[in-house]
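S.K.: Listed here are the chains, written in short residue letters.
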Amino acid sequence: MKEWPLWEVFVRSKQGLEHKHCGSLHAADAQQALHMARDVYTRRQEGVSIWVLPSAAITASDPEDKDTLFEPARDKVYRHPTFFVIPDDVGHM
Amino acid sequence: MSAVAAQEVSDLVLHLADNALILAQRNAEWCGHGPILEEDLALANNALDLMGQARLLYQHVAALRQDGSDEDRLAYFRDAHEFKNHTLLELPHSTALAPTASGDRDYAVTIVRNFLYSIFMVLVWDALQHATDAQLAAIASKSRKEALYHVQHAQDWLIRFGDGTAESHHKAQAALNHLMPYTQAFWLLGEAEAAALQALGVAHFSSLQSAWQAQVASAVSEATLTLPADGGHVPQGHVGVHSEHLGFVLAEMQSLARAHPDGMW
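First to last, the sequence lines map onto chains A and B. The first sequence begins at 0 in numbering that gives the first Met the number 0 and counts up by one. The second sequence begins at 0 in numbering that gives the first Met the number 0 and counts up by one.
Calculated directly from the structure, the hints in this document are not laboratory data. Bear in mind the structure is a predicted one, so any value in this text is a computation, not a measurement. For glycine and all other residues, C-beta sits at the position ideal for the given N, C-alpha and C. Check each hint, because a few of them may be wrong.
[Said to hold, decoys possible] Facing chain A, a subset of chain B residues (Cβ under 7 Å, in silico):
hint: 1; residue: ASP39
hint: 2; residue: ALA41
hint: 3; residue: ASN44
hint: 4; residue: LEU196
Generate coordinates for the entire structure from the input sequences, incorporating the hints supplied.
M.R.: See below:
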């Protein structure tokens, strides 16, 4: 059991368009991971669709690199579209 | 429905309700003791499905009988000889003849029992969906979906156990050998229950046997297990003659309700 790989579970809710990450579990293979995800994460009608994928397949950014990667965006608020003035005759958008 | 037919149908529904309740109680014994967290939840889900089915069925019995009983009376205030569940469903989770402790529980027995029984119940609910009793047909249609998942869960594990390690294969085979004779009772019904099926326009459950055997044989062979030879003791739980285990199941299940009759919480 200890050798069972870790799987990340993504569930799409009734209203939601996208699958959202909701947790992880250990399972022997993908089919079993799907079964277990059904029993663990959709007991209260949370979902209409489940994805599982091996945690090992995820390449994650290093928390140590947080400042390098994300700090530079902090003082560039002009990248938000709210800074553009929308002409009146465009109407609602 | 005539009064006689209503009484017979209520006997059949009571048999179905007792089956669901007793297996719910057995499977719920794994709650907090599952081999892994995910299976703990899976078995609790399964038990809650069965408990929900039992409630609907007991409520329907009370409605058919019009004798002032209700689901709680039927579940908690009848004694072992009045229960009509299949003996298979009251057995402990063990292949030992006299298991003595909860520590003796064997998950292979749980899985094999759920496998044998849920395949049977998919066929039963399938047939009862077309019963002329609309309430029973509606319960059947809801329960069928739950039973289909119970088959998926149990069959998946059966194949993993059988086609797994030498130890898991051995335990699955022992569980299969131990439980298979009890399934002979699936094809037997009491007189009232058989008459009820006729009144409902549904074929006798014995007509489901070949479909059940085919599905069981196919999964057992995929699991690299061997079907035990036919035969052995034919249990009589469906007519109220039970093993020594049912009394203990009921003692645990009913004691609280009997200590506080009509208690609400």
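S.K.: Next step is simple, just say for each hint if it's right about the structure.
M.R.: Against the structure, the hints come out as follows:
1. Look at B/ASP39: its Cβ only gets to about 9 Å from chain A, farther than 7 Å, so that hint breaks.
2. Checking B/ALA41 against chain A by beta carbon gives a least distance of about 4 Å; that is within 7 Å, so the hint holds.
3. Interface hint status for B/ASN44: upheld, as the beta-carbon distance to the closest one in chain A is roughly 5 Å, under 7 Å.
4. Hint status for B/LEU196: violated, given a least beta-carbon distance of 33 Å to chain A, over 7 Å.
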